[in-house]
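Colleague: Residue strings, one per chain:
2 protein chains.
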Amino acid sequence: MRDYLPEDIRRREFVIGVIRRVYERYGFEPLETPAVENLETLMGKYGEEGNQLIFKILKRGEHEASGQADLALRYDLTVPLSRVVAHYQSKLPRLFKRYQIQPVWRADRPARGRFREFYQCDVDALGSTSPVIEAELCAAVAAALTELGFEDFHLRLNHRQLLTEILDAAGIPGELHGSALVALDKLDKIKMEGVAKEMTERGISAEAVEALAEVFRGRIALDVLTGDPMAGLQSVADFVSGADDDPPSIENLRQIFTLTQNTPAAGHVTFDPSLARGLSYYTGAIMEVNVPDLAGSLGGGGRYDNLVGMFLGQSVPACGFSLGLERILVVMAERGMFPPTLATTPADVMMAVFDAADAAHAVRVAGLLRQSGLRVMVYPDADKIGKQIKYADSLGIPFVAILGSNEIAAAQVTVKNLKTQTQATYDQAAAGGAILEGLKQRG
Amino acid sequence: MRDYLPEDIRRREFVIGVIRRVYERYGFEPLETPAVENLETLMGKYGEEGNQLIFKILKRGEHEASGQADLALRYDLTVPLSRVVAHYQSKLPRLFKRYQIQPVWRADRPARGRFREFYQCDVDALGSTSPVIEAELCAAVAAALTELGFEDFHLRLNHRQLLTEILDAAGIPGELHGSALVALDKLDKIKMEGVAKEMTERGISAEAVEALAEVFRGRIALDVLTGDPMAGLQSVADFVSGADDDPPSIENLRQIFTLTQNTPAAGHVTFDPSLARGLSYYTGAIMEVNVPDLAGSLGGGGRYDNLVGMFLGQSVPACGFSLGLERILVVMAERGMFPPTLATTPADVMMAVFDAADAAHAVRVAGLLRQSGLRVMVYPDADKIGKQIKYADSLGIPFVAILGSNEIAAAQVTVKNLKTQTQATYDQAAAGGAILEGLKQRG
Chain W
1 MRDYLPEDIR RREFVIGVIR RVYERYGFEP LETPAVENLE TLMGKYGEEG
51 NQLIFKILKR GEHEASGQAD LALRYDLTVP LSRVVAHYQS KLPRLFKRYQ
101 IQPVWRADRP ARGRFREFYQ CDVDALGSTS PVIEAELCAA VAAALTELGF
151 EDFHLRLNHR QLLTEILDAA GIPGELHGSA LVALDKLDKI KMEGVAKEMT
201 ERGISAEAVE ALAEVFRGRI ALDVLTGDPM AGLQSVADFV SGADDDPPSI
251 ENLRQIFTLT QNTPAAGHVT FDPSLARGLS YYTGAIMEVN VPDLAGSLGG
301 GGRYDNLVGM FLGQSVPACG FSLGLERILV VMAERGMFPP TLATTPADVM
351 MAVFDAADAA HAVRVAGLLR QSGLRVMVYP DADKIGKQIK YADSLGIPFV
401 AILGSNEIAA AQVTVKNLKT QTQATYDQAA AGGAILEGLK QRG
Chain E
1 MRDYLPEDIR RREFVIGVIR RVYERYGFEP LETPAVENLE TLMGKYGEEG
51 NQLIFKILKR GEHEASGQAD LALRYDLTVP LSRVVAHYQS KLPRLFKRYQ
101 IQPVWRADRP ARGRFREFYQ CDVDALGSTS PVIEAELCAA VAAALTELGF
151 EDFHLRLNHR QLLTEILDAA GIPGELHGSA LVALDKLDKI KMEGVAKEMT
201 ERGISAEAVE ALAEVFRGRI ALDVLTGDPM AGLQSVADFV SGADDDPPSI
251 ENLRQIFTLT QNTPAAGHVT FDPSLARGLS YYTGAIMEVN VPDLAGSLGG
301 GGRYDNLVGM FLGQSVPACG FSLGLERILV VMAERGMFPP TLATTPADVM
351 MAVFDAADAA HAVRVAGLLR QSGLRVMVYP DADKIGKQIK YADSLGIPFV
401 AILGSNEIAA AQVTVKNLKT QTQATYDQAA AGGAILEGLK QRG
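Protein sequence lines correspond, in order, to chains W and E. Just so we're aligned: the first sequence equals residues 1 to 443 in this note's numbering. Just so we're aligned: the second sequence equals residues 1 to 443 in this note's numbering.
Only chain W is shown next, with the shape it has when bound in the complex (with noise of 0.2 Å):
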């Protein structure tokens, strides 16, 4: 687990701040959850596996000898989700549009780059079936990677019923169609040889193989989806429906990739076939985002109707989005993406202090600046002010106010700009424009 120095949570709150902004005015509201859920809230939810990686918390009190947990840390987003949709569901709307961005918990084995303690960003609606939901949710997924300052990224969708569709069509049968998910789960490492090779090692013909290929022609790399999606979702309708009505499936993304040509997804939005995410999970469309530079997805999300009703005994329809913030950092940071206003120094100046005796000028000063606003950190001791100036220049800071008894007696102040090395003095009211000024032409 990390801490987060002040650079690094400048840069999320920054992140955050742009996600929250656009998620409201999508009409998602803010949810916060505890850290902590009882352990049998969890239990279950994750498969064998995700048990294991649960961290689970002590009983309180005398109890806590017998090593027995009742408490456990949140492993998701989602589960909490669906524990507040059910525990609440007289105060929510019916449609509950809801984002949360807070961390999760994972005892994974400590490894280079992977953290037991992480960020989630989901937003979700629940309460409609309605493909509006998912147009408005790719819609707002991609405004906000739009005014984060991305234009590159690739919203993939695909649809969970065809995927089936598509191998039944193959004449893959039903028993090998997961063999055949964990082959074409590699084709953007492998490429469609490669599928083609480990499909036929997994028993599937030459002729469901050579099927396949021609389904995914096109796919291999990524910059060929940019086309219209329509094009492509028309030529895999070719080959499942064949003479008979397309499939409910199709005509989902259909009217998905219709609702989302006038929204800022129009043109990101792509349609892949081989795009197959957790299986389990999902009932419906799914769908994903990718930059070039990152292996990986930026996020994903899907159609999940089913998961709530294990918590509430009636079903719930639910779609949802998951941003993984740590990455966009990580791609922002690669590329130089953050705005240049970001604070990146702990104040804008540093005031002086000269004589101990005059610190309640530096003080009040000080007040004058801030009243500007401007970061201004006070220097507490009356050191020699060399050591003063030294020490704001090794923090960054790119002003020093200097208070000397000439200034006080005047009601004025010396401010030097470290980078050019030069200083002027000025009225103490007017000093904050004065620095305020500088700080625009240093860009």
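Hints are computed from structural coordinates only; laboratory data are not their basis. Mixed in with the good hints there might be a few duds.
Given that identical chains are not distinguished, each listed pair holds provided it fits within a single copy or across any two copies.
As the list claims (entries may be wrong) - Below, computed lysine-lysine pairings styled on DSS-like, alpha-carbon distance capped at 30 Å:
hint : residue 1 : residue 2
1    : K419      : K91
2    : K91       : K390
3    : K91       : K384
4    : K390      : K416
5    : K416      : K91
6    : K390      : K440
7    : K440      : K91
8    : K45       : K59
9    : K387      : K91
10   : K440      : K419
11   : K419      : K387
12   : K186      : K45
13   : K91       : K45
Got chain W sorted already, so can you dock chain E onto it with the hints?
Modeller: Coordinates of chain E only, in the frame set by chain W:
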């Protein structure tokens, strides 16, 4: 522990936003630490009772079965700060000023109004013993409360050493200091007569009790403390010093009071010789902030020059203040202090969908409205229009935008104001401005 529903989060984020902005203006930087610490880092730092209240986490993997704990949930923000300072010493500024706003966990017996997960909001400055530190902390806390809309708060100051000196000067022998402070702590509740009675019962002489009553005269009702802190300090100085020089504690408080006079703390800072706070921890000035309509404090802090040394093996002077976020929220809610601009509904406008075939238009126009900065929810299903409007009304959404076939043909949209029950039709590009205007008029 609680789930935070949308209104709770909006209020909390508003308060945190103000505090964060103010603390940044005072040169404090954000720090966050993981929820989970090594168990041994926490054990023994909070006394025997504290050890009991720490949530302990089972060892991961196969070791889980042993019932052995190696991790624990953060109990406060001060011990993690001390660990960070010890661990990152070379990466942190010599004068490290940080704020930290995160939840902490305590395994308290569940009780009404007491939560086992709650937010702390700490600000600390490390690396200097200068009274400028205390003065700037008081100024920052006062500025934050003022910006939140509080006007009637008192920032009471005292000094850990001065308390000892007062008890000495009153003739109370050292071994009765503890008893005297326990009685003194009840001054607000049982007034000076009650304190005097209890002190007498605890074996303190009538003369000593009489002398203390003299010192604390005028302390009984908080509202008489709003005068000049210097006058009160002088009268206590006369009491403890007699013909000798004033002790350093008096001199230190005098400097702090002088320094705060030209800051937002002026008019709020008072001297309270009876203020005790947790005695084991503090080494110098101590402070507490109160409002008249809340029993207990909104927050408090003080100088603790020895705690970080426990981790670093090298003394680091430190001074901090912790605001009680939950209490601030309670008082602000009771007083109706939240700005009316704070959203209380999931959206500003709901986009109705007349016909499923027109949903793409609804999604498109919703995008236009969002570009105006509005929060827009698209109703996902083509239910009867009356049902859709009723739904918006039930959520308090003030406007509904309606797209019928006439409007679509004319590139217009009809906007219904649910409060006034009036409606008007606008060009689609102009509707956003009209709704914003309507929202302003609602105030």
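Colleague: For a quick check of understanding: which of the numbered hints are violated here, in increasing order?
Modeller: Hints that this structure does not satisfy do not exist here, as all of them hold.
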